[in-house]
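Just so you know, we're using full-length UniProt numbering here: the sequence shown kicks off at 1 and counts up by one.
Read the hints as simulated data drawn from the structure, not as lab findings.
Yeah, the Cβ is synthetic: ideal placement off N, Cα and C, and Gly gets one too.
Some clues are possibly wrong.
35 Å max Cα-Cα, derived DSBU-like pairs, lysine-lysine [to be verified]: (1) K58 / K46; (2) K176 / K262; (3) K271 / K194; (4) K58 / K225; (5) K262 / K225; (6) K194 / K58; (7) K225 / K46; (8) K176 / K235.
Cβ-Cβ distance ranges computed for the label pairs, FRET-style [to be verified]: (9) I155 / L38: 40 to 48 Å; (10) I53 / F112: 16 to 24 Å; (11) L301 / L28: 26 to 34 Å; (12) I31 / A238: 41 to 49 Å; (13) A68 / T88: 18 to 26 Å; (14) N149 / A238: 41 to 49 Å; (15) M79 / I31: 37 to 45 Å; (16) T88 / T47: 39 to 47 Å; (17) I169 / L92: 22 to 30 Å.
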Amino acid sequence: MNPIATMMFLTSLAIGTIITLSSHHWLLAWIGLEINTLALLPIMTKTPHPRAIEAATKYFLTQATASALMLFSCLINAMQTGEWDINTPSNLTTNSLSIAIMMKLGLAPMHFWLPEVLQGIPLMTGLILSTWQKIPPMILLLQISHSVNLNLTVIVGLTSVLIGGWGGIGQTQIRKIMAFSSIGHLGWIITILKLNPQLSLFNFILYVVMTTAMFLSVITLSTTKMSQISTSWTKNPALTTTIMLILLSLAGLPPLTGFPPKLLIIMELIKQNMLISATLIMLASLLTLFFYLRLTYIITLTLSPNTHNSTIWRTATKPSLVLTIINTMALTLLPLTPTILFM
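Can you build the whole structure from these sequences, using the hints too?
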C-alpha cells in the first residue's frame, strides 16, 4: 500500500478514537466509532487475499449492525430524556446501548466475528484490531458504567470467560488463540465494570500491554502457528522464552503482570458478596489456564533447543527497543500495581 495512504488511514484511526474519547455527545461518539471502523477496512484489505476480503466484509457487517443498534438506542434516549449527553442514558436504552458496544468489543455471545476476522488479516492489523480498536467502545462503556445492568454485565462476562477458554483449547493458529484470549480477558473486565470501573480500566490497560507484547513478539519472529514458534529456538532463544512467559502472564499466573487484575477482581466480587459469581469465574478461567499451559508446553517441551555450530541463525532476528520495553512491562508490572491503581 502507498505510504501516504497508510498514513492517512492511521491518522483517521487516531482522529476517530480522539473524537470518541473527548465527546460528551452520543452522536459525536458514534461518528468517531464510524471513522474508526471505516479507516481500518482498507488496512485490513491491503493484501488483496480472499481471506482478507472475507474478514473485512465480516468486520464491516458486524460493526454496521452494532452501530445501527447504537444509533437507534441514542435516538430513543434523546426522545425520552431530551438530551444527547453520554452520562445520562435512560433505563429503557441502557441495555440496548450496552449490547451494541459489547458487540463492537467482540464479547460473547456476540463474539463469532472476532476469531474469523483476526485469522484472515495480517499480524500487524490484528494487533490494531485487538488493542487500538477496543479503546473507544471500552471508554464509552466506562462512561455509562454507573447505569448499566449488573446482571447483564455479569452474565456476559462469565459467558465470555467460558467461551474464551473453551474456544481456545483446540487452536494452533496464533491469531485465533489471541482472539479467544481477547474474549476471555474482556469478560473479566466487563464482569467488574459496574462494581469498580477503575479496576476495569486498570485490567484493560494491562490487557493492551500483554496483547501488544505477544503480537510484536510473533511479528518479530514472523510466525503464525504455534509449531513455528517451537522451532524458533535456534533463531532467537531469548524471544521464544519471553513468548512462553507472556503466555503465562496472559494466563494470570503469579508473579507476572497478568496476576494482579484477576486477584483484585476476585477480591472485589467477594467484597460485594457475589460469591457465586467469583466461584464461577474462577472455574471458567481454569479452561483458559489449561489452554495457555498447553501452548507453553508446545513451545518449550515438544522440541528441545538445538545448538547449531554456526552463529548465523542466532542473529536472524533482532528485537527492537520498543519490543524489549513492552515485553518487560508484560512480565514485571506486578510490584507497580499499587502505584498504577493510585495514579
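Verification of the supplied hints:
Straight-line distance between C-alpha atoms of K58 and K46 comes to about 16 Å, which keeps the hinted pair within the 35 Å bound. Pair hint K176 plus K262 holds up; C-alpha atoms about 22 Å apart against a cutoff of 35 Å. Of the pairs offered as hints, the one joining K271 and K194 holds, with about 14 Å between alpha carbons and a cut-off of 35 Å not exceeded. Between K58 and K225, the direct Cα distance comes to roughly 23 Å. Compliance with the 35 Å bound is thereby established for this hinted pair.
With a CA separation close to 28 Å, the supplied pair K262 and K225 stays within the 35 Å bound. Simply put, K194 and K58 have alpha-carbon atoms about 30 Å apart, close enough for the 35 Å limit, and the pair holds. Between K225 and K46 the alpha-carbon distance is near 22 Å, which keeps this suggested pair within the 35 Å criterion. Our distance criterion of 35 Å between C-alpha atoms is met by K176 and K235, whose separation comes to about 24 Å.
Between I155 and L38 the beta carbon distance is about 32 Å. The supplied range of 40 to 48 Å is therefore violated. At roughly 18 Å, the beta-carbon separation of I53 and F112 lies within the given 16 to 24 Å, and the hint holds. The given range of 26 to 34 Å is broken by L301 and L28, whose C-beta atoms sit roughly 52 Å from each other. For I31 and A238, the hinted distance range of 41 to 49 Å is satisfied, since their beta carbons lie about 45 Å from each other.
The given range of 18 to 26 Å is respected by A68 and T88, whose C-beta atoms sit roughly 22 Å from each other. Remark: the range hint 41 to 49 Å for N149 to A238 is upheld by a beta-carbon distance near 47 Å. Here the CB-CB span from M79 to I31 is close to 20 Å, at odds with the stated 37 to 45 Å. In this structure, T88 and T47 meet the distance hint of 39 to 47 Å, their C-beta atoms being roughly 44 Å apart.
Distance hint check: the CB atoms of I169 and L92 are about 39 Å apart, inconsistent with the given range 22 to 30 Å.
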